[in-house]
Amino acid sequence: MRIKHFVMAETGWPECANTLKGVILDLCGVLYDSGEGDGVAIPGSIEAVKKLKESDLKLRFCTNETQAAREKFVAKLQRLGFDISVNEVFPPAPAAVGVLRERGLRPHLLVHDGLLSEFDAVDKTNPNCVIIGDAAEKFSYQNLNEAFRVLISQEKPVLLSLGQGRYYKETDGLKLDVGVYMKALEYACDVKAEVIGKPSPTFFQSVLNDMGVQPHEALMIGDDLVNDVGGAQHCGMKGVQVRTGKYRLAIQRIHNTNSSNSILGQIWVKFIMNH
Amino acid sequence: MLASNMAGRRALKAVLIDLSGTLHIEDTAVPGAQDALNRLRQASVAVKFEEEIFTSLSAARSLLERKQHRPLLLVEDSALEDFTGIDTSEPNAVVVGLAPDHFNYQTLNRAFRMILNGAPLIAIHKARYYKRKDGLALGPGPFVTGLEYATDCKATVVGKPEKTFFTQALSDLGCSPSEAVMIGDDARDDVGGAQNAGMLGILVKTGKYRDGDETKIDPQPHLTCNSFPDAVEHILQNLL
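Taken in sequence, the protein lines are chains A and B.
Numbering-wise (the working numbering), the first sequence opens with residue 1 and increments by one.
Numbering-wise (the working numbering), the second sequence opens with residue 1001 and increments by one.
Note that these hints are calculated values from the structure, not bench results.
Don't be surprised by glycine CBs; every beta carbon is placed ideally from N, CA and C.
Hints are not guaranteed to be accurate.
According to the in silico footprint, chain A covers these stretches of chain B (three or more CB under 8 Å from chain A) [stated by the list, open to error]: (1) 1095 to 1108; (2) 1112 to 1126; (3) 1136 to 1142; (4) 1162 to 1170.
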């Protein structure tokens, strides 16, 4: 029996496959599921990355991971068995540091402890903006209130959000993501956050620039319909949604089906390799 | 609370008053508020205080009873007694009020998972923030909004600024919206909500008020004044 393991939102795939030069992969939910310790690799995905690397396709990893500094979570992926290096990975924090420098902003940080080192070199005295990331357990009332007070005291509040995800999956279940707290602060302060990270077009474009490929020559694979697939398609790239990570639980909830999570990695690699 | 001597011939029959930020901030009264309240009570007008303790909470309770929901109650301990007798075992609904102690990551995750699995989200009210002695502090509105975003659902709001909240309060007093005025420190939820329900709204510049708040609603408040005593003076001079 042939089961469709990926979702194709558009037709015209043969042409896409012919011109394909670069692939961008989301990490969490595509390559691995996060959780206790390092989490677990999704079956088949280690081999799938290896095959992509052996091909003539350019490969980058584009993540909204904001719980740990880049070096830390790349090391984690390496421990899980992935062939991946720091300069291939694009998370929001380094992009945010660039924005701060460009605009002379001094941030109040509401981010995970593991991410703080990314902002070591940034002036944080007398803050005139708030940066919010996936702070998880640090999303206490007290901490959110402190960020709120910084914003409400500004004439024109500036809120930079490292992603806008609704939730993600850990091995013990679904967890609220940064977007929820971004929306809370937006509502409290009548401000619109500037999202740094997926699905921001500037964020995707910086990855495409690094690969030296045009949007129509690139394909994004993710488990998030809005931030990965929608964001990529909005930039003119192709988007593939995998039925692992957050997709699976959501679809089970809606259709009460038992979507398979087996060897998805091998299947999407076969699909791309047939170009 | 009801003052006596409702006079049928008056144009204005009822004054609804927000408490926190309008009459007091935590345990401190707004200067002159007590005197002003006494003067208002001596006039021929019904006075009713609008705070979740009295009305939004009971509205939430009757909704729960009607739908036979078993709620996860994210409300302050002092509000729990309003839900005495309601079955909270194996909860299948989420009720969010002003509850800083409950707005932590773990509890919100629990609420989120319940809503994602189909539990309705009920908001006591959606205030953005409120005034504490040490400054402004987040109200339930931001957390309700966050949960709505996470689950792609819409909360049922039983309190301000919902129109039914105001009309219910007035029908309890036996008067129509055109015969009533609301005094509060929240431009959108107190004043805008009341005016949307057909009442007059008076915005006071105490509590959570910040410069320019009166321009955040359309139409603008019937009156914006320094504090509760000025609002009472205006009512006594011009509306009775």
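Checklist entry - Against which earlier hints does the structure fall short, listed by number upward? => result 4
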